[in-house]
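These protein sequence lines are chains W and G, in that order. According to the numbering used here, the first sequence is numbered sequentially starting from 1. According to the numbering used here, the second sequence is numbered sequentially starting from 116.
It should be emphasised that the hints constitute simulated quantities derived from the structure, not laboratory data. Note that the structure is predicted; figures quoted are calculated from it, not measured. Note that the Cβ used here is the ideal one computed from N, Cα and C, for glycine as well. Hints may be right or wrong, so weigh each one.
[Stated by the list, open to error] Here are the computed lysine-lysine pairs in the DSS-like style, where the Cα-Cα straight-line distance is at most 30 Å:
#1 K40/W / K171/G
#2 K41/W / K169/G
#3 K186/G / K169/G
[What the hints assert, rightly or not] Covered by chain G, according to a simulated footprint, are these stretches of chain W (three or more residues, beta-carbon under 8 Å):
#4 25–31
#5 43–56
Each chain, written out:
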Amino acid sequence: DTEVTQTPKHLVMGMTNKKSLKCEQHMGHRAMYWYKQKAKKPPELMFVYSYEKLSINESVPSRFSPECPNSSLLNLHLHALQPEDSALYLCASSPNNRAYQETQYFGPGTRLLVL
Amino acid sequence: DQQVKQNSPSLSVQEGRISILNCDYTNSMFDYFLWYKKYPAEGPTFLISISSIKDKNEDGRFTVFLNKSAKHLSLHIVPSQPGDSAVYFCAASQDRGSTLGRLYFGRGTQLTVWP
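Next up, chain W with everything else stripped away, as it sits in the complex:
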């Protein structure tokens, strides 16, 4: 089983709204990732959590706030977003993040539209 689930599938929000994206995996993976993908572009790394601790923040604006409540869950809290933040937000997980040559498994993504 290599399933990563994400909710919601689609989200429309105004620039003053607060919303959250959720990601879940039950593969026992200890590393989880948030990516942003725009049309016809590759995924861009935003955050990496390793053993529930934030290990990489790719200089993401503070209007994006990640949270890892436990080893299976990853949230992305959104506040005061801009229209240019509209994109597909992907969650991924990998077994360890400290191991050699790991494969990341992606969820289906949340399609976000900011009006």
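Starting from the structure of chain W, add chain G where the hints point.
Okay, now just chain G, sitting in the frame of chain W:
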């Protein structure tokens, strides 16, 4: 600075024939390479990977070849099927240090398999 390059944005192949997708990289420290397949509005699906200590890895209809001296890898799909039509991303990673957890993606190649 694009460290992983897929120079062909699109490829069109007849059903039953071979599809060859190419990928070049510039960082000689990369030691693990992956191919992902992506349908529109979905997350990337892991296809196949190869370690830098190998030059070939095969899984069913999919074979990845690695030429380290040329910093080039390719994905062969034989025989191609209409369901293979998708965007294919090449990705690379390197062990340890500040790059831990990072996948470097190419821009993708849209494969179309026609009947």
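Where does the structure disagree with the numbered hints, that is, which hint numbers, in rising order?
-> 4
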